[in-house]
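Going line by line, the protein sequences match chains A, B, C, D, E and F. Start counting at 1 in the first sequence, then tack on 93, and there's your number in our numbering. Start counting at 1 in the second sequence, then tack on 93, and there's your number in our numbering. Start counting at 1 in the third sequence, then tack on 93, and there's your number in our numbering. Start counting at 1 in the fourth sequence, then tack on 93, and there's your number in our numbering. Start counting at 1 in the fifth sequence, then tack on 93, and there's your number in our numbering. Start counting at 1 in the sixth sequence, then tack on 93, and there's your number in our numbering.
Worth flagging that the hints you see were computed from the coordinates, not collected in a lab. These figures come from a predicted structure and were not determined experimentally. Treat the hints with care, since some could be wrong.
If several chains are the same, the list does not tell them apart, and a pair holds so long as it fits within one copy or across any two.
Listed below are the simulated DSS-like cross-link pairs for lysine-lysine, each with C-alpha atoms no more than 25 Å apart in a straight line [stated by the list, open to error]: (1) Lys139 <-> Lys272; (2) Lys220 <-> Lys243; (3) Lys139 <-> Lys216; (4) Lys216 <-> Lys243; (5) Lys286 <-> Lys139; (6) Lys286 <-> Lys272; (7) Lys243 <-> Lys139; (8) Lys286 <-> Lys220.
Protein chains: 6
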Amino acid sequence: MHQTQASFRISALLFPIASAVFVNGKFCKNPNMVVADDFLFQGLNKAGNTSNNVGSIVTPVNVNQLEGLNTLGVSMARLDFAPYGINPPHTHPRATEAFLLVEGTLYVGFITSNPADPAQKNKLFTKYLYPGDVFVFPQGLIHFQFNVGKTNAVAFASFGSQNPGTITIANAVFGSDPKINPDVLAKAFQVEKNIIDHLQAQFWYNNN
Amino acid sequence: MHQTQASFRISALLFPIASAVFVNGKFCKNPNMVVADDFLFQGLNKAGNTSNNVGSIVTPVNVNQLEGLNTLGVSMARLDFAPYGINPPHTHPRATEAFLLVEGTLYVGFITSNPADPAQKNKLFTKYLYPGDVFVFPQGLIHFQFNVGKTNAVAFASFGSQNPGTITIANAVFGSDPKINPDVLAKAFQVEKNIIDHLQAQFWYNNN
Amino acid sequence: MHQTQASFRISALLFPIASAVFVNGKFCKNPNMVVADDFLFQGLNKAGNTSNNVGSIVTPVNVNQLEGLNTLGVSMARLDFAPYGINPPHTHPRATEAFLLVEGTLYVGFITSNPADPAQKNKLFTKYLYPGDVFVFPQGLIHFQFNVGKTNAVAFASFGSQNPGTITIANAVFGSDPKINPDVLAKAFQVEKNIIDHLQAQFWYNNN
Amino acid sequence: MHQTQASFRISALLFPIASAVFVNGKFCKNPNMVVADDFLFQGLNKAGNTSNNVGSIVTPVNVNQLEGLNTLGVSMARLDFAPYGINPPHTHPRATEAFLLVEGTLYVGFITSNPADPAQKNKLFTKYLYPGDVFVFPQGLIHFQFNVGKTNAVAFASFGSQNPGTITIANAVFGSDPKINPDVLAKAFQVEKNIIDHLQAQFWYNNN
Amino acid sequence: MHQTQASFRISALLFPIASAVFVNGKFCKNPNMVVADDFLFQGLNKAGNTSNNVGSIVTPVNVNQLEGLNTLGVSMARLDFAPYGINPPHTHPRATEAFLLVEGTLYVGFITSNPADPAQKNKLFTKYLYPGDVFVFPQGLIHFQFNVGKTNAVAFASFGSQNPGTITIANAVFGSDPKINPDVLAKAFQVEKNIIDHLQAQFWYNNN
Amino acid sequence: MHQTQASFRISALLFPIASAVFVNGKFCKNPNMVVADDFLFQGLNKAGNTSNNVGSIVTPVNVNQLEGLNTLGVSMARLDFAPYGINPPHTHPRATEAFLLVEGTLYVGFITSNPADPAQKNKLFTKYLYPGDVFVFPQGLIHFQFNVGKTNAVAFASFGSQNPGTITIANAVFGSDPKINPDVLAKAFQVEKNIIDHLQAQFWYNNN
């Protein structure tokens, strides 16, 4: 047990290899086999294709795209918005997001969790963002971005996890496979069941 | 600096006092002033009042009700369901929930976060629960419970945080103060704006 | 390195598979193979068998019984007490416990860690619990429950870890295999060695 | 909000000041007031007084004695043993201990937590330690040291917390204030109540 | 103790207020007083002034500039490089950095920690970065960026901490106040003391 | 899924086995195969060989030498200093160090991270240490020790991580493989390139 194991010393350099088993999401590569390319992702200068129903697209750079981030607690994304495009209400279950607008004008907001007094409402905090503005979306809270300008908008997001996850609210609730029992949704959303049927019949595509 | 400070030794016993400032949510009481009542909550044997629009009610026992839980990483709740009552789709941004049904029959489910392939859908995992069943709702994922029986249902929930938080999806999205821009929601939910107007005009009450 | 790996996206859904190696206790199942049953435990409505020397029994629901709890930081247990049964003094090395009494009457308590002043004593905090009472046992502190009523008692416990562990003090100290040197125990407990011999000769059974 | 706050930059240098309120155990000193003495403890070269009933004494150097350790996750202690002295069975609820013997000969051990199979026993792992030996006592597990030599023994302990805490098992169980109900202890330790009375009547002193 | 405390429910919204005491770096603002501006930083579109001895400048956006980041585990920075400017070798003691180049060409690298075999050297991993490239600098490792192009370069950095800290190696080692004993540095850097004197006599300015 | 898995109960006892894959640095041994020797390291009473260019040597006892420390958050080291030997400026990227001098006299210090005001300097905190003194080196900060006495010095260090890592500043900066671009270093250290060439041509050996 007392021999020196050289291969473990550079233990900040742990990251995933292809494997049939899964350990906290990712196995770690043998540190002696690490190369600089393991820490590099290329292409975040390219605009994503916003030709979809919401007019926006997210290009993620997390541990699934950049293996050198494994266990290191940070990741990024590029967001492109066509004019009037939205990044619809969503959450990141495992990270806070710092959002930097670099081009265009966005209207953004997040909603607080349920207040203690049931007669009070969830608060909405919003801002119009201009290039150079950084806005914070705290971990797990529902938030959205809306391109209110006539031009494209571009933003870069920073996340405090190598694997923040995303849940697009409308898609998860109305577009799951299989579908949620419409009685549950009719009661939750206080609408007639035919509206739920209509919502569940949409084509739901996860751009973001 | 080298004197002994007796008051700090029982440092597992830190918890909140009334205060005008806020530190990680709660200040800690002077350990020498701690009494057994600081670790006690009473009344979880009493059914909550389910006479509301969703037919369910949550009675939380977290750091806001039981100060002795501060910093200790666990909390509880009682859930009551009238026949056909639902606990509408919601998330807990800071904890996983282990849910124990003790009375009645529930249909429960949770939805996974967005898959990597945008053409794939978020998966729904569901189960019918009977007394004695424990089901897991992983941190941050949208989940719901639905009383499919003709009788009341009662459950106890365990959370891996002293302050798990709750976000009721429909209430946060359609009942926030102020309201979310309806253009955002119309595009996100792929419906006409008049449906959004209708939804935002509802009375939203946070029972849960 | 830049290809998308769909199987990792639902990374909240990591959990154990049978394996010859052990990683933080448990390997994680391939997320694509996950089914709803992986998140379900059945049978916590059934009373445990309290026909033993302490008159109580614990039915745990942690990651060893419910694999879907892996990495998720919460677990549960059911506790049954015959009249005058006890859950003997014990600790949970890795979690705080929130303890909910649902039936019967218990006398419960926990003891603080050593005070800074060696002439001071460890404090005992106790309460009589009635149905609906929740009491907190902070992480690592010695605690016990005692059924002081003439009827059975039933409780549900919540833990802030998927694998809290339990150390029953008397069993660990006097019933270990092999036995602790009796000279150590005689001095620690300030008794004659024949009392230690007597204690170590008991049959020690871990019900809890 | 956007002004620069110089006083926060050296944020690794947070530590406690005298205060009437308690925050995660300790307030932090204004970083601009920090001096090198805040990071210094003197006197661990001096043997502690082992003239007590167990023949050993612990001199702790944790956040209560050395304020510069606040929030930094490590602490130390010196342990002195008279011939045949013991450090009685105890736990550290918040840290693992790495124990270095520098003088004398000790017999040391720790006991595992309860096995899954109730008919199995808690395992005891023991070693005879000689100068230069390092032994690991995992977090929360009951452990002890016994000076089996005719000379004094001296050791230095490292803990993975600035405030590991100590629970001396016999003292906490039999010497608490107020006393634990003897019926609980008689049943837990499987002995007659008069033995419990005898044990609780001892003078319990926390040397360690 | 059992009253509802509305002010704590939106506990994701904790952040600093002006205060004479310091708690984990920052006090938290009363959640009821929070406004959207608390989550906004403006001006990251403006180039920093690179007219200094290294030809680069860092504009940080962490908890010291954007209070809404408190406790949330993420922060950002903008980096500007004049032609041939460098961000000299430095570490971030509390966070990994994901570095996105948006303009220009940089030569970047980091150095691994000491290998187990003392005859082996610390490895240097380097890359030439072009717009759209993301490179990872693991927590605590020494790294640098060098503008090898004839034009300005601009980058945005993401950190997995709201307060990552920066240690510019040359400045800390040769420009500290008071100075490090030159005998220590002469031996450490294996040079004559007059070279150390020369180095310590420079004007050291922390641009980054 | 509901079967009992005895092998996992003593989950505090997880630690590494030889393996071709790497998970958070180390695989865990099957708990049923654990023996007391897995928690033992021998030989820290032996002085290291200080016949090298810095006149000091570190003997580490972390997870690479003592496998039973895996996941347990603490480790140790012995440090030997010849007269006038130094432990050159270095950092531990993953742990704070509590440093106990047991023999000799040392001059020690650490340097704070960059201040907010760029015209201010990094502060140096220093102390002369005598036997029995404990000094704190906060996580990630550059620190050094210098034997100012005519006799050997011996110290024991405690770290709040099982794998703290070490980066010897001069060796990492001037002795990396391959070498850092000398233009970068000339600018960073504000010296002529020939001094950098001289520094990079030294023989760099990681004793510590």
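Going through the hints against the structure:
Taking identical chains as interchangeable, the C-alpha atoms of lysine 139 and lysine 272 are never at most 25 Å apart, the minima being 35 Å within one chain and 33 Å between chains. Only within a single protomer do lysine 220 and lysine 243 lie at most 25 Å apart by alpha-carbon distance; the minimum there is 18 Å, versus 38 Å between protomers. Neither within a single protomer nor between protomers do lysine 139 and lysine 216 lie at most 25 Å apart by alpha-carbon distance, with minima of 36 Å and 30 Å respectively. Taking the closest pair of Cα atoms, lysine 216 and lysine 243 never come within 25 Å of each other, the shortest separation being 29 Å inside a single copy and 36 Å across copies.
Taking the closest pair of Cα atoms, lysine 286 and lysine 139 never come within 25 Å of each other, the shortest separation being 43 Å inside a single copy and 33 Å across copies. Taking the shortest Cα distances, lysine 286 and lysine 272 sit within 25 Å of each other both inside one copy (14 Å) and across copies (24 Å). Both within a single protomer and between protomers do lysine 243 and lysine 139 lie at most 25 Å apart by alpha-carbon distance, with minima of 20 Å and 23 Å respectively. Only between protomers do lysine 286 and lysine 220 lie at most 25 Å apart by alpha-carbon distance; the minimum there is 22 Å, versus 35 Å within a single protomer.
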